[in-house]
Amino acid sequence: MGKILIVDDTLFMRTLLKNILFSGGHTIAGEAGDGEDGVSKYKELKPDLVTMDIVMPKMNGIEALKAIKEFDPAAKVIMCTAVGQEQMVKLAIKTGAKGYIIKPFQAPKVLEEVKSVLTS
Amino acid sequence: MKEVPVKIQHNNEWIVVKMGIAEDRVILPAPVGREILFRTVADIAEKKNILIITVKTDTESVYKILSVEKVLQILKKFILTSCNAYRLMAYFMSPAIRGGVMIKNAQWDKGSVVVVRSGIWFISATKQICVPLNDVAAIELTRRDVQGKPADVIKIDHLESGEVTSSFVLCPLSTLQVLYNYLRDTTKSMDMKGTELDGVDQQVAMLVYSGMDSHAIENMLNIPHKQLDAVYDKILKLGLGEVVTIRREIQLTTKGVRYITDATKSQTN
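Chains as they are written, first to last, in my numbering: chain A, 406 to 525; chain B, 6 to 274.
These aren't lab readings, by the way, just hints derived from the structure by calculation.
The beta carbon of each residue, even a glycine, is placed where N, CA and C say it ideally should be.
Mixed in with the good hints there might be a few duds.
[Unchecked claim] Under the rule of at most 27 Å between Cα atoms (straight-line distance), these lysine-lysine pairs were calculated in the DSS-like manner:
1) A/K508 with A/K495
2) A/K495 with B/K115
3) A/K451 with A/K520
4) A/K495 with B/K109
5) A/K520 with B/K109
6) B/K109 with A/K481
[What the hints assert, rightly or not] Examples of chain B residues lying across from chain A (beta carbon under 10 Å, computed):
7) R103
8) K109
9) A111
10) D150
11) V169
12) M211
13) I228
14) Q232
15) L233
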């Protein structure tokens, strides 16, 4: 079980992920509504894992991932992309993302991916 | 021609026969007494280890054959190669995404895609995957990175044991377009305007999709049970969902209250 930071600009998605992760026995370290806030929360909370949306205001998910990786090269980040943004996945993986989920997603699969990244 | 023992449904009973398999036909001996040419097969579907074959000659007949996986694999291979269907050589990746999570090490298989009346079959040297058309949730012509280059593919979202699964088909664009149009036409009955559900209704539907139960949905959206029930009614009426569980809420009778009071007393004494 891990301490997880959720970075997504929509409250609905954050709440959904929070519920899914909580039901899987994980602790929510914190939430951020944009990439910039996500990076500063990462530095402050040092979570075991981050779920990171890609399209966000201020700083997008890829830029935030880059900043987090610069601060902590061992950071475990799972990217969340919407259907049709699969091209971004490759860029995210190149940048150091450990996993990716595509919205809309189903709870059991999200928990499997989180578990797999946490134990990797 | 090889002979293999199979069970076949005949006059509503399962009987054992020695079925003869040749490259272009199967021979079902008495009491069935039929020879099925593969090119006359109009549909082929699979439910667990039962193969359902629809043969169209002057009339239409349905045969249900039950056998071990190995026999069914050979039979499926022969039928899908020669049956009356829309067939194309293609690369496919199935499954590629399950429940929103990309499947690690998913690979492109070289083989063929066969579209029959009731489903889409992905066939390669090692795989025989059937996606029933009734389970197809979405079809999209999109682009995807294939060996470092963007390529046109068809993405087929389908339900598999309650999980939303996506498969990809890759072939020349002109063929893809034909396949896409064909699949769009066959699944047209599922098309909707997209305006049937309002904001909250859509959020409820999305949460159901994600696997949330009623209690979690009420809490997350901060809506009362009655409102959620009304949204469920709308979703059910549109055919977008089905009831799986009816949860009951109860209150204690006097007898129940007395029972709990006594139980609490005995615990505190």
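Results for each hint:
| no. | hint | verdict |
| --- | --- | --- |
| 1 | A/K508 with A/K495 | holds, 16 Å |
| 2 | A/K495 with B/K115 | holds, 23 Å |
| 3 | A/K451 with A/K520 | holds, 18 Å |
| 4 | A/K495 with B/K109 | holds, 13 Å |
| 5 | A/K520 with B/K109 | holds, 14 Å |
| 6 | B/K109 with A/K481 | holds, 17 Å |
| 7 | R103 | holds, 6 Å |
| 8 | K109 | holds, 8 Å |
| 9 | A111 | violated, 12 Å |
| 10 | D150 | holds, 5 Å |
| 11 | V169 | holds, 6 Å |
| 12 | M211 | holds, 6 Å |
| 13 | I228 | violated, 13 Å |
| 14 | Q232 | violated, 16 Å |
| 15 | L233 | violated, 15 Å |
Consistency note: the structure conflicts with the earlier hints numbered 9, 13, 14 and 15.
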